[in-house]
Amino acid sequence: MIDLFFYGTLRSLPVLERVLGRPVAQLKTAEANLDGYQVYEVAGQPFPTITAEAGAQATGLLVHDLGPEDLDALAHYEAGFSCDVEECRVTLADGSVLHAQMFVPDKEDWTLGALWDFQAWQRQWEPLCIRATEEIMAWKGRRAPEQMAASLNSIRNRASAWVALQAGEEHPDHPLERDVVVHAHKREYINYFAMDEMDLQYRRFDGTMSEVINRGSFLVGRASAVLPYDPWRDEVLLIQQFRAAVYIAGDRRPWLWEAVAGVVDPGESPEEAAIRESKEEAGIRVQQLERVSEIFPSSGSSGEFVYLYVGVGSFERIAQGGGLDCEGEDIRHRVLGFQEFMDGIDAGAYRDGPLVTCALWLARHRERLQQQSK
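For the sequence shown, UniProt numbering assigns the number 1 to the initial residue and increments by one for each residue that follows.
If you are wondering where the hints come from, they were derived from the structure by calculation, not from laboratory data.
Heads up, a few of these hints could be off.
[Stated by the list, open to error] Just the calculated beta-carbon pair ranges, DEER-fashion:
#1 Ala25 with Asp72: 17 to 23 Å
#2 Gly216 with Arg368: 40 to 46 Å
#3 Tyr192 with Ser293: 24 to 30 Å
Positions of the beta carbon are idealized from the N, C-alpha and C atoms, including for glycine.
Construct all of the structure, not just a fragment, from the sequences and the given hints.
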């Protein structure tokens, strides 16, 4: 049995419970301080890191008497952070000093941010971290640590989407606690995307509960899609890229013309994602975003949620764009006059759902956008 000092996300009792698989009430815990160390934010990440620093003091949670099963669970959770275990001496509130151990990341390429504020982290990141931890721990014993490390970003994307969707209001006619009963939740596949299944019942429109049914959902996260439009030239910009999903499905034309699109990263707004992707993929600076809709593009099979926009901007100077090499993207763009574009829509030349939806919206609002640009 050993004592562990937690200074980061595992200071969160809900996160710790999900890692260990048992209530915190069963644990012996105490607030503790570690002299000679400081905890910092990691730039662009929802977790902190610890570093030796003379005269500093790190605050954390000391958990006593953790056994082999606890350590195995913690090792699975920490695998994505490439942590080593180090000895430390912590001070309790009564002044007593105890020997303990702590997980210390061996990453040296992280950019440190401000001093980490645990309460601020709880407000901004704790719900996402709780959800991500549930998915991480569901794969304990089923997936190697290095595989889990490779999936961490996509796990956080899905967790961010779940938190955002949970913030919405349920329909007053269909309270979920009454009208949906989940008998089993099974996570069947994980890579960049994930596939979850549930055995569940739902309330029918006649008031009765359905039979127990098995249903699955392809989980991606949230995405923003934007159709760039230049009202001064009356032109749109499309991008084309190879889509493996379309090829795998059997389509003979997997190079699709699309709207600019990309995943909404954790901590990023849908609008920020739309502007960022417009620069990365199409090389343009969007001056104004017009909201089109917020949709589930294929609600019968996928949980992906997409924010649709028309991005108003000048095409006078279009940078290279082309996507990111680190994401395996090879993208080209094409500028079309509005009428030629709509002729293609009518002829069925474009098959990307967000693109077609944005095109139909633009057809209704084009005159207004042109008037506003004068």
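Okay, the hints, checked on the actual structure:
no.	hint	in the structure
1	Ala25 with Asp72: 17 to 23 Å	holds, 21 Å
2	Gly216 with Arg368: 40 to 46 Å	holds, 42 Å
3	Tyr192 with Ser293: 24 to 30 Å	holds, 25 Å
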